[in-house]
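S.K.: Chains as they are written, first to last, in the working numbering: chain V, 265 to 584; chain R, 143 to 468.
Keep in mind that the hints were calculated from the coordinates and are not lab data.
Beta carbons: idealized from backbone N, C-alpha and C, even for Gly.
Treat each hint with caution, since some may be false.
Heads up, simulated BS3-like pairs for lysine-lysine below, C-alpha to C-alpha not over 27 Å straight-line [claimed, not checked]: (1) 349/V - 402/V; (2) 532/V - 278/R; (3) 262/R - 247/R; (4) 284/V - 247/R; (5) 247/R - 283/V; (6) 278/R - 545/V; (7) 156/R - 416/V.
Okay, the calculated beta carbon distance ranges per label pair [to be verified]: (8) 546/V - 289/R: 27 to 37 Å; (9) 504/V - 263/R: 56 to 66 Å; (10) 386/V - 159/R: 37 to 47 Å; (11) 201/R - 349/V: 52 to 62 Å.
Which stretches of chain V does chain R cover? Using the computed rule of at least three CB atoms under 8 Å from a CB of chain R, they are [claimed, not checked]: (12) 455-467; (13) 474-484.
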Amino acid sequence: MKQPLVKIEGVYKDYQLPKKYLFEKAPVFRALHGINLELQKGTSFGIVGESGCGKSTLARIVMALDEPTFGKVFFDGQDLFNMPKKELRHLRRNFQMVFQDPYGSLNPRKNILGIVAEPLDTLKEKLSFAQKKERVAKILVEVGLNATDTDKFPHEFSGGQRQRIAIARALITRPSLIVADESVSALDVSVQAQVLNLMMDLQEKYKLTYMFISHDLSVVEYVTDQVAVIYMGQIVEQATTRALFQKPLHPYTQTLLMAVPDVNPLNKKQKNKNKVPLFEKIHGSCPFIDRCIKATKTCVHNAPELLENHGRLVACFNTD
Amino acid sequence: MTLLKVQDLCVSLKTAYGRQDVISNINFCLNAGEKLGIVGESGCGKSITALALMSLLPPDSKTRGRIILEGRDILNLNSKEICSIRGNRIGMIFQEPMTALNPVKQIGAQISESIDLHLKLNRKQTLERVTELMDKVGLPVDRFGLNLYPHQLSGGQRQRVMIAMAIACNPDILIADEPTTALDVTVQEQILNLIRDLADSSGMALIMISHDLGVIAQTAQNVMVMYTGNIVEMGSTVDVYQNMLHPYTFGLFSAIPHAGSSSHLERKRLTSIPGQVPQLHQRPIGCNFADRCMRASKICKTKEPMATRVSDHHQVWCYHPLKEKI
């Protein structure tokens, strides 16, 4: 197998919570709990989960914005958190991020030239103003805006156009990895479709690798090749997108997929009212046990590991 | 039985470009116990319609037309009379439970606010009513005290408090304006089930506003599709979802990536609607959708389309509906 573009090895992330008492040890919240992932070049990897499950923390760690408490992240074989700061800074041109809120992620006081050209400053070779302007104009056309838009300000653009600007900013250093953290969630469906199409076209053209984080399952299904479902900082199921959406094995994935409202008004969902979770969560039990209708006694005392099952990875004892 | 009748409702707001009609020519009826969905993209006037029904529009707005609730036109009432309707006969669930709740007031006090205002109950009865409401929305008082503050609750729990406030006085109409937009899918499902069950058990009429076609499909019997302040298509949810006639409705449906239909081997491009929603001051003459429409002809750009009745429950505002069978 080829060397993966990104390799995440046993990443844990603890955040310190505020102390309640002056002399106590600060309580710790474990946002990520031993994540192992490999992103192959030119593919799209989806990360799915509810809010607070650690999706965005993972994105920040892959982007080297946060250091993991334990574990390593390799980008193209290089350990991101074990290299001189200066080298990391130069490496950063290879991975860029598109953020969720197109209104909050663009500086309102900078014009489009300033916003899109900013990442160019991390390049080793220094570009002249004219060179920068030329590259910005080129990339703006690439994302479906006008080359003359360079002097405008963010407020002159609609939400969809702003997200295109954010994509242009991410693309300008010719990165190989783009981390899209809920990049289309704030957009209306018709505009969302435009932006998704654009992202797919760009992927084909530049052989980009996407790490696509979203709570919208239909978007993830549409865009990605592989999906990992995260629950409370752990991967509970990881598979190819087709396999996962056709036959989810982990009860949490099943719950998620069942919860998406069906567009067909004749398909009214049957509610599982008589099925309630049987067990309470105790220390050492499966993290999903208090919401799981399939839980058995085994789940109470053992936490399942992420194991190979039907050609995918699942962390559950009862996948039949 | 018609509970609410909206006739030729227009709302105009003061903008930097002068006074502009935000919504115009809104006509619909709501029967007792009916569940009506309003769907559209941001800026199409869904929320303004809801606010007009609640008489909560900003003070510099002007409203024309009529909103008739049981023979009385809400728009002609004085503020005291409106207060007796708002929260009492019409309840509303707002979009952002974070901002719609008062952060410095305990949830018990917030739920009892409209009870104190509209129902003449003594303190003990009020407490009983609040306890009953909390049970109804799935926040049993023995686990969730009345003295909690909003920041101590999760997003879904806050939305449950909002629902309890909205149904506190047993309103005839419940308006839910994007009640689940900020929530996770699993919580969204719980909240939608809760709203639907409450409406079913008490016979309230429900107006569900959402940009999510799936949410409307699962909650509403009838649906109204809005675009730039106009209704473009209206009918029973099954009719509109399965035999959509307006090109905009069709565009909306083709733009959603379908979950659960992973039969595709290779990826198709999503069909998107070309262009973007026109700004308020740039709305074209004639049909607002004409500039983005594949089927537009000369007449679309000169004259606003009138309603065409396709069947008893299905109307479309278009010169060239998708199936010109009529």
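S.K.: Now look at each hint and say whether the structure bears it out.
M.R.: Evaluation of the provided hints:
{"no.": "1", "hint": "349/V - 402/V", "result": "violated (31 Å)"}
{"no.": "2", "hint": "532/V - 278/R", "result": "holds (23 Å)"}
{"no.": "3", "hint": "262/R - 247/R", "result": "holds (22 Å)"}
{"no.": "4", "hint": "284/V - 247/R", "result": "holds (23 Å)"}
{"no.": "5", "hint": "247/R - 283/V", "result": "holds (25 Å)"}
{"no.": "6", "hint": "278/R - 545/V", "result": "holds (26 Å)"}
{"no.": "7", "hint": "156/R - 416/V", "result": "holds (26 Å)"}
{"no.": "8", "hint": "546/V - 289/R: 27 to 37 Å", "result": "holds (29 Å)"}
{"no.": "9", "hint": "504/V - 263/R: 56 to 66 Å", "result": "holds (59 Å)"}
{"no.": "10", "hint": "386/V - 159/R: 37 to 47 Å", "result": "holds (42 Å)"}
{"no.": "11", "hint": "201/R - 349/V: 52 to 62 Å", "result": "holds (56 Å)"}
{"no.": "12", "hint": "455-467", "result": "holds (count 7)"}
{"no.": "13", "hint": "474-484", "result": "holds (count 4)"}
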